[in-house]
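Based on these hints, arrange chain B with the ligand on the given structure of chain A.
Protein sequence lines, in the order shown, are assigned to chains A and B.
Heads up: the first sequence runs through residues 1 to 263, numbered per this note's numbering.
Heads up: the second sequence runs through residues 1 to 286, numbered per this note's numbering.
Be a bit skeptical, because a hint or two may be false.
Listed below are the simulated DSS-like cross-link pairs for lysine-lysine, each with C-alpha atoms no more than 27 angstroms apart in a straight line [what the hints assert, rightly or not]:
| # | chain 1 | residue 1 | chain 2 | residue 2 |
| --- | --- | --- | --- | --- |
| 1 | B | 266 | A | 120 |
| 2 | A | 30 | B | 254 |
| 3 | B | 266 | B | 254 |
| 4 | A | 120 | B | 254 |
| 5 | A | 227 | A | 114 |
| 6 | B | 266 | A | 30 |
| 7 | A | 114 | B | 266 |
Worth flagging that the hints you see were computed from the coordinates, not collected in a lab.
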Amino acid sequence: MTRFDFHARVQHGLLAVSLAVLILTGFPVKFAAQPWARAVVRLFGSFEGLLAVHLAAAAVLAFTALYYLSAVSLALARRRLDFSIVPRLRDFGDFGRHLGYLIGLRPDAPRFGKFTWWEKFEFWAVVWGTAVMGASGLVLVFPELAGRFVPRWAVGALRVAHSNEAVLAFLAVVFGHTFAVHFSPHVFPGSTVWLNGRATLSQLHEDHAMMYEVLVSRNAAPPRPMKESRWVRSRPLIVTELAAYGLLIAAVYVAVVPHLLGA
Amino acid sequence: MVSGRTRRLAAVVVLAALAAGGRVTPAQAEPPATGVTGDCLECHGEPLTAEAGGRPVDLMVDPDRYAASAHGDLGCSLCHRPPVHVSLEQARAAALDACDTCHENHDFGPAGTSRPGFFVHPDPPLGCAGCHGDIHAVRPRDDSSSVLNGANITGFCGPCHREQTDAYLYSYHGSARRLGSRHAPDCGDCHGHLPPVSLDPQVPTSREGEATCLACHRGGAAALANLQETGREHVTPLTTGAGLDGLARRAVWKLFLAVIFFNVTKDGAVIVFDLTRRLRRAGRRE
Ligand code: HEM
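In isolation and in its complexed conformation, chain A is listed as follows (with noise of 0.2 angstroms):
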């Protein structure tokens, strides 16, 4: 089933590339200390470099966002936009329902829709985290022009929000994401839904059940899907990912919790 037309895999794409290439050359400046902050600069040539990358791409994803703005808006006068991303009580429902099914303490899976909680957390996560770094990172690219209107501790405080935004979309990426297109067994090695816009019937058996019942009550798919990825049964697989994610948790709690705590 379609889940990506065309210009949905573009608009990934390009978001995936800027937001690769952002973290990559703002990643040094924050860690500026790190030995291998000195050795990415090194990459791009200088400083002056770096920057200049990280701007050109601020401009890919400036224009990402334009593009899908303008997909929704002629949609919206076409009265053709779907509203399916969007939030409803049920989401938080589904999020409780989904940890109880996960830990054991319900027997069968939440069925879900077009979009998963967790998808829909995650598209507005990016809308809000655009948002928040292209102002921030307007502010600081024209401090001259932001300082007349905006006050000196705001535009710190909005450095602030730029340097742990950018942590933040980072770990999302890292953890979220990264489950959930390829490292959770059912869609291991990755999903394909970027690339050709395709889901598989057992994906989307298990995380778009209604969906899966729409395509069988029109005789498109089989009552259960026929097979499942062999992944799913890896131990080997499994247990690695536990250690790994494992590993990367208590990681990333160690680095946040002391500064969350302290002082």
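Relative to chain A, chain B with the ligand alone:
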């Protein structure tokens, strides 16, 4: 062995150059014959002390460290102009005057605002060596142990002005400088190497407050008044006692840390529980 005549000749050459051209850049300066150094080091290359004002003064110059220093091929008499064996104060003042020969304009200010000479750190009074360390062992700028090296850019000021230098390194200026930017300012670019124009601690930059920022942020004149009234430089999320400046940064910082914590906990829980559930299931039906 070089004779005393040659030594005097070398000194005359330098003095003549000074008299004729006023200031001499390193390229123009005629380094005295190295033999001069050798002669001096016969005594000064070994442990040698004198007494001044009741305190012992170290007069030794380590020949190896000197030879490896940025000044290693200048020779003694470029700075220590004859007569050299005078009172210690006279000798020192004369030698400090000599820095000016090459480091003519020891300030980064725009033309017209700088005054050639040396920064005399007001309190405590520090001469060149106070910041640059032993002048006989000063390292070239690209040496990582030089206080001028990019990696060590707060080296002059850090030991005493820790809060300011930490905040500087946290700032965009400091990060960019640390990563090799040639445009980003270091301490001296704003504070200069001259006595501050105003000794009022609120205005510690060498130029008048606005000229300091506008030297680079040329289009910023309209923003400056607003920015100066609503906050200051050298503030991090951890700075206390800086009013809104510190509070706003700290609030945003903590807020994001909390959101990061929440998000990793949410994603982490889903990942770990999802995987353990699948692991049990994979075991059951095998
Ligand atoms: C998701 C997108 C982005 C990411 C992940 C990102 C990441 C970063 C990071 C980590 C830093 C270093 C912050 C620090 O010094 O602590 C940075 C600096 C910077 N970014 Fe971005 N950025 C993004 C988007 C943008 C955009 C859209 C713009 C411009 C409109 C921008 C302009 C800048 C500028 C000018 C700096 C240097 C100023 C400074 O560090 O204080 N960035 N970025």
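- [ ] For the pair we were handed, residue 114(A) and residue 266(B), check the Cα-Cα distance against 27 angstroms.
- [x] 21 angstroms, holds
- [ ] Sort out whether residue 30(A) lies within 27 angstroms of residue 266(B), counting only the CA atoms.
- [x] 25 angstroms, holds
Task: Given pair status - residue 254(B), residue 30(A), alpha carbons within 27 angstroms - done: 17 angstroms, holds
Task: Restraint check for residue 227(A) with residue 114(A), where alpha carbons must lie at most 27 angstroms apart - done: This hinted pair holds, its Cα atoms lying about 22 angstroms apart.
- [ ] Take the C-alpha atoms of residue 266(B) and residue 254(B), compute the straight-line distance between them, and say whether it is at most 27 angstroms.
- [x] Satisfied, since the Cα-Cα distance of roughly 18 angstroms is no more than 27 angstroms.
Task: Restraint check for residue 266(B) with residue 120(A), where alpha carbons must lie at most 27 angstroms apart - done: Within the cut-off at roughly 14 angstroms; holds.
TODO: Mind checking the alpha carbons of residue 120(A) and residue 254(B) for me, to see if they're no more than 27 angstroms apart?
DONE: Answer holds: residue 120(A) to residue 254(B) is near 25 angstroms, not above 27 angstroms.
This entry satisfies every hint, going by the numbered hints stated previously.
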